[in-house]
Amino acid sequence: QKEVEQDPGPLSVPEGAIVSLNCTYSNSAFQYFMWYRQYSRKGPELLMYTYSSGNKEDGRFTAQVDKSSKYISLFIRDSQPSDSATYLCAMSATGGSYIPTFGRGTSLIVHP
Amino acid sequence: GAVVSQHPSWVICKSGTSVKIECRSLDFQATTMFWYRQFPKQSLMLMATSNEGSKATYEQGVEKDKFLINHASLTLSTLTVTSAHPEDSSFYICSARQTGKTYEQYFGPGTRLTVT
Numbered sequence: 009q010k011e012v013e014q015d016p017g018p019l020s021v022p023e024g025a026i027v028s029l030n031c032t033y034s035n036s037a038f039q040y041f042m043w044y045r046q047y048s049r050k051g052p053e054l055l056m057y058t059y060s061s062g063n064k065e066d067g068r069f070t071a072q073v074d075k076s077s078k079y080i081s082l083f084i085r086d087s088q089p090s091d092s093a094t095y096l097c098a099m100s101a102t103g104g105s106y107i108p109t110f111g112r113g114t115s116l117i118v119h120p
Numbered sequence: 004g005a006v007v008s009q010h011p012s013w014v015i016c017k018s019g020t021s022v023k024i025e026c027r028s029l030d031f032q033a034t035t036m037f038w039y040r041q042f043p044k045q046s047l048m049l050m051a052t053s054n055e056g057s058k059a060t061y062e063q064g065v066e067k068d069k070f071l072i073n074h075a076s077l078t079l080s081t082l083t084v085t086s087a088h089p090e091d092s093s094f095y096i097c098s099a100r101q102t103g104k105t106y107e108q109y110f111g112p113g114t115r116l117t118v119t
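Keeping their order, the protein sequence lines are chains A and B.
Number 68 in my numbering belongs to position 60 of the first sequence; there are no gaps in the numbering.
Number 66 in my numbering belongs to position 63 of the second sequence; there are no gaps in the numbering.
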């Protein structure tokens with residue numbers, strides 16, 4: 009079992025839909041949780057990060073962490089075609105080098 | 004803020020030659036930089052972690068003599084692919100961690116290497 013599991017998709021939704029992207033993990037030591045967006049042939053862009061459990065909102069994006077279930081989510085409201093990209097979750101433990109472990113990414117397609 | 008650049012963005016080289024890729028943090032100091040490799044539709048594979056002024060730490064299975072990493076300053080790290088072969092063709096991405104920040108990484112735009 010991989011430390012971080014993420015469905016690669018693709019996930020195809022109509023414009024305006026609410027998108028839910030998810031990752032599960034097995035390492036209970038993970039405390040920092042991040043979401044990156046990667047457009048084709050580009051480097052990943054940090055979207056949001058959270059520490060420990062709870063929700064965090066930034067515009068149309070909401071990140072949610074449920075440590076009891078080892079499950080994190082990224083919600084995108086009012087999705088736009090420009091949101092079409094691959095979304096990678098990443099997480100790291102405290103202490104040590106804080107090198108994050110990445111999921112393989114979910115490809116999202118928002119069609120007009 | 005937190006911009007990372009990479010150069011070149013795309014390079015084609017012949018088998019047996021060496022290629023150098025530069026990674027620069029433009030508006031912040033980065034004590035630690037990371038080098039990743041990414042295959043199509045795959046996640047990021049960490050190759051090595053480089054700390055300014057010290058030797059890079061390579062992940063298991065990554066040949067340190069083939070992928071030379073130098074992190075000579077707080078804003079520049081380089082990756083040199085030596086004696087490149089077609090199987091080294093890939094998308095190489097660097098990221099930089101701002102000094103004092105423990106969990107945020109900022110990625111460069113990537114370098115696509117094609118070895119013919």
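Please keep in mind that the hints were generated in silico from the structure rather than gathered at the bench.
Heads up, a few of these hints could be off.
As the list claims (entries may be wrong) - Away from chain B, derived, C-beta distances all over 12 Å, residues of chain A: (1) P18; (2) S77; (3) S100.
To be verified - List of simulated lysine-lysine pairs, DSBU-like, C-alpha gap at most 30 Å: (4) A:K78 to B:K58; (5) B:K69 to B:K44; (6) B:K17 to A:K10.
Being a predicted model, the structure only gives us computed values, none of them experimental.
Ideal Cβ positions, reconstructed from N, Cα and C, are used throughout, including at glycine.
A quick look at each hint next to the structure:
no. : hint           : result
1   : P18            : violated, 10 Å
2   : S77            : holds, 22 Å
3   : S100           : violated, 6 Å
4   : A:K78 to B:K58 : violated, 35 Å
5   : B:K69 to B:K44 : holds, 25 Å
6   : B:K17 to A:K10 : violated, 36 Å
Violated hints, listed in ascending order, are 1, 3, 4, 6; each of the other numbered hints is respected by the structure.
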